[in-house]
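Asker: Letter by letter, the chains look like this.
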Amino acid sequence: MKEKGWEEIPIGGVIDKAGSAAEYKTGDWRTFKPVRDEEKCTHCLLCWIYCPDSSILVKDRKMVGFDYDHCKGDGICAAVCPVKCIKMERE
Amino acid sequence: MSKVIALMGDQAAAEAMRQIEPDVLAAYPITPQTEIVMTFAQFVADGLVQTEMIPVESEHSAMSACVGAAASGARTMTATSANGLALMWEIVYIAASTRLPIVMPVVNRALSAPINIHCDHSDSMGARDSGWLQIYCENNQEVYENIIMAVKIAEHKDILLPVMVCQDGFITSHAVEGVKVYNDKQVKDFIGEYKIRHSLLDVDNPVTYGPLDLQDYYFEHKRQQSEAIKNSLKAIPEVFAEFKKHFGVEYDFIETYRLDDADVAMVALSSTAGTTKVVVNELRAQGKKAGLLKPRFFRPFPKEKIVQALSGLKAVAILDRSESFSNQGGPLFTEIRSALFDESKKPLTVNYIYGLGGRDINTEQIKSVFVDLEKIVKEKRVIESINYLGVRG
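Protein chains in written order, with this note's numbering: chain C, 1 to 91; chain A, 1001 to 1393.
There could be a bad hint or two in this list.
Cβ-to-Cβ under 7 Å is the rule here; a few derived chain C residues that face chain A [what the hints assert, rightly or not]: (1) 16; (2) 46; (3) 50; (4) 52; (5) 65.
With a cut-off of at most 25 Å between alpha-carbon atoms, the simulated PhoX-like pairs for lysine-lysine come out as follows [stated by the list, open to error]: (6) C/17 with A/1288; (7) A/1375 with A/1277; (8) A/1375 with A/1157; (9) A/1244 with C/17; (10) A/1185 with C/17; (11) A/1305 with C/4; (12) A/1288 with A/1244; (13) C/4 with A/1277; (14) C/2 with A/1277; (15) A/1244 with C/4; (16) A/1288 with A/1375.
If you're looking for bench data, these hints aren't it; they were derived computationally from the structure.
Heads up, the beta-carbon is just placed ideally off N, CA and C, and yes, glycines get one too.
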């Protein structure tokens, strides 16, 4: 995202549209990234419940991957996974 | 259309606030501001205003409540003094940075310690870098009129900054003077309606106030604040012109008194300017070319006006009712001297720190400063730049 100049942004630090946090890519904060063993995954979705950044991608009630644009690599998913199918790998 | 009534400076402030009738007033009483809050609370109790008055538990809460109210789009006011302003400190900066047009009468009082309830400008001068505009009032009439004007200045679309309207604790806040009060409708017509651009309560157009702002955008927001201060130098004269149109009274960033043909002059804020006028008249009667410059605004700092008024003089004494402990003089002195620095033609400047903790400043002391100025002119040099007027040695 191209950063804007001082004349282009709302004054007072106001963010004038809702939901814009999604545009802020926090994925580059990550040191370790979660990697899933699809064979082992039981799709219990505990990772989806616990992830504080809504970075567990779910389709048709199945865990289908990670939103690496926003995943900060906190490792919570790996810690709560009951079948240990998520590993944290160094970027 | 108007009437003259006897009011203390604090009551003059409260009367202006009654006529403005802000949507929200959040305040905590502190000497010598107490009578503002007390008088206004009576107006609320008597049903004379519809203002939502929030009697908070501290000044930190007062300014916090003001920030919330102002972000929702309410016309918002508070008032404070000294230690109260100090306790607000964190939120004082947030109010300005968030660009909320809050108006706050400040009744100038010394900061502790040792504890002191009397006038000096150490409280508001400490807030000079907070991003607020600051108006200093000589007398109760100016208190009344400046507060009314401050609303319009704060809310001006090219400014959107909070404003402190400062007056001297006890000296004017508790002195009764005749104040020409306009009728309520005139004041309401002048200030008009206020509509915020982004209201926190507008659920159809949701916005975020006070987000995290790191290395990538904080600097841009500060740059906007600098621009707002610069813009205010152009926008405030529009408010002066409108005030003149409505009330027939002329205001400017500075007031000059017998300065046009003067050789020497004094610069002083607030009530001391009034005392100086008496001395200037006495000196003029003796044929001495003395004058006075009274800055009404310290923020924005009206550099061009001040330079224009002073550059032709031979020597100028700048009086500061606060000590900045910089060893370079008080805040008024350092800024005026800096403003004059690039001028090829400029007066010799000398600083007097005076009146701390409410120490009396009388005509004899002011006369002694003019005697010093004569000596400076004669010798064409300043021997001691920073002086302390009225302290025992």
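Asker: Name the hints, by number, that the structure is in violation of.
Answerer: Structure breaks hints 2, 3, 4, 5, 6, 8, 9, 10, 11, 12, 13, 14, 15.
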